[in-house]
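K.L.:
Sequence:
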Amino acid sequence: MAKKKPDPFFIGWAKKPPKSLQKFLFFISAIVVGVAAGVAFGIGSSVPDPGDARFAWGAGYQTFTGYVDAKPYPILRLPAGEDGRSKPHAMIMSGVGKTGMQSLAGPLSGQPVDAGGILLKRGDIDMLQVGGRVLLRAAENPVADFTPAPAEQLGKWRLTGEICDGKCYSGAMRPGVGLAHKACANLCIIGGIPPVLVTVSPLLGHEFFVLANKDGGPLTSEVQDWTALLISLEGEVERRDDMMIFKVDLDTAKQL
Numbered sequence: 001m002a003k004k005k006p007d008p009f010f011i012g013w014a015k016k017p018p019k020s021l022q023k024f025l026f027f028i029s030a031i032v033v034g035v036a037a038g039v040a041f042g043i044g045s046s047v048p049d050p051g052d053a054r055f056a057w058g059a060g061y062q063t064f065t066g067y068v069d070a071k072p073y074p075i076l077r078l079p080a081g082e083d084g085r086s087k088p089h090a091m092i093m094s095g096v097g098k099t100g101m102q103s104l105a106g107p108l109s110g111q112p113v114d115a116g117g118i119l120l121k122r123g124d125i126d127m128l129q130v131g132g133r134v135l136l137r138a139a140e141n142p143v144a145d146f147t148p149a150p151a152e153q154l155g156k157w158r159l160t161g162e163i164c165d166g167k168c169y170s171g172a173m174r175p176g177v178g179l180a181h182k183a184c185a186n187l188c189i190i191g192g193i194p195p196v197l198v199t200v201s202p203l204l205g206h207e208f209f210v211l212a213n214k215d216g217g218p219l220t221s222e223v224q225d226w227t228a229l230l231i232s233l234e235g236e237v238e239r240r241d242d243m244m245i246f247k248v249d250l251d252t253a254k255q256l
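So the sequence shown is residues 1 to 256, counted in the working numbering.
Hints in this document: simulated from the structure, not taken from any laboratory. One or more of the hints may lead you astray.
Taking lysine-lysine pairs in the DSBU-like style, the calculated list, with each CA pair at most 30 angstroms apart, reads [said to hold, decoys possible]:
1) K71 / K156
2) K23 / K98
3) K98 / K121
4) K23 / K156
5) K71 / K87
6) K182 / K156
7) K121 / K87
8) K214 / K254
9) K87 / K254
10) K214 / K71
11) K182 / K87
12) K156 / K214
13) K156 / K87
14) K87 / K214
15) K23 / K87
16) K214 / K182
17) K121 / K182
18) K23 / K182
19) K156 / K254
20) K71 / K23
DEER-style ranges, computed between Cβ atoms [stated by the list, open to error]:
21) G155 / T63: 20 to 28 angstroms
22) V39 / G110: 31 to 39 angstroms
23) E82 / V32: 36 to 44 angstroms
Given the structure is predicted, the values throughout are model-derived calculations rather than measurements. Virtual Cβ for every residue (Gly too), placed ideally from N, Cα, C.
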């Protein structure tokens, strides 16, 4: 009886595997590489596109003259032409870092002010990071014949989206996902940065809504439970110039 040829055996330190195993190993390697590439693509495509959010460093330090609303969070309201726009414009404000502007804006609410700082921009969101030589102060030369228009009430709505802090979303950081994103948003909101709802679909052309409580004031710490989640909220929407305010009842919040 002829002696049976032994089965090929792969030896890790050998120069190359037996010919009978080469095709099999090549096939398995191709599958592993393909699966890894697919997983990497899936993870990358699942991260929300941060868009063109940015600090407008190229514009340098800028100063504006307008009026300030202290509630629900400090909002700078500018007359037409003040920042090159043909219509009145509103922007949210923050201090440097994760700090709000309530302490400076509160005593000046409803008054003409000068404000200076660096702009952050994303889509129709503008935030002024206040600082430098001007900060926020009573206007030295108020704009003549300018009084902000009353808020326009747009009725009750149910909106779906994600609560972020207005500063990171406007361009201070790249929006992320998960616990780190939630923790960062909550630290900003605790510091006084306005919380914003970024909706999954636009309402009247807007996807960005500054949040307030149902009475129009700042939200309580309860909002921190709902940041960085896909949720639905109900409340009243109002428009101030080109900015939307969403006065929400957090008891209506539902995670989707």
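K.L.:
Each of the hints needs a verdict: does it hold here or not?
P.N.:
Hint check:
no.	hint	in the structure
1	K71 / K156	holds, 20 angstroms
2	K23 / K98	violated, 58 angstroms
3	K98 / K121	holds, 17 angstroms
4	K23 / K156	violated, 65 angstroms
5	K71 / K87	holds, 22 angstroms
6	K182 / K156	holds, 27 angstroms
7	K121 / K87	holds, 18 angstroms
8	K214 / K254	holds, 16 angstroms
9	K87 / K254	violated, 36 angstroms
10	K214 / K71	holds, 12 angstroms
11	K182 / K87	violated, 35 angstroms
12	K156 / K214	holds, 11 angstroms
13	K156 / K87	holds, 26 angstroms
14	K87 / K214	holds, 28 angstroms
15	K23 / K87	violated, 69 angstroms
16	K214 / K182	holds, 23 angstroms
17	K121 / K182	holds, 21 angstroms
18	K23 / K182	violated, 48 angstroms
19	K156 / K254	holds, 17 angstroms
20	K71 / K23	violated, 70 angstroms
21	G155 / T63: 20 to 28 angstroms	violated, 37 angstroms
22	V39 / G110: 31 to 39 angstroms	violated, 55 angstroms
23	E82 / V32: 36 to 44 angstroms	violated, 59 angstroms
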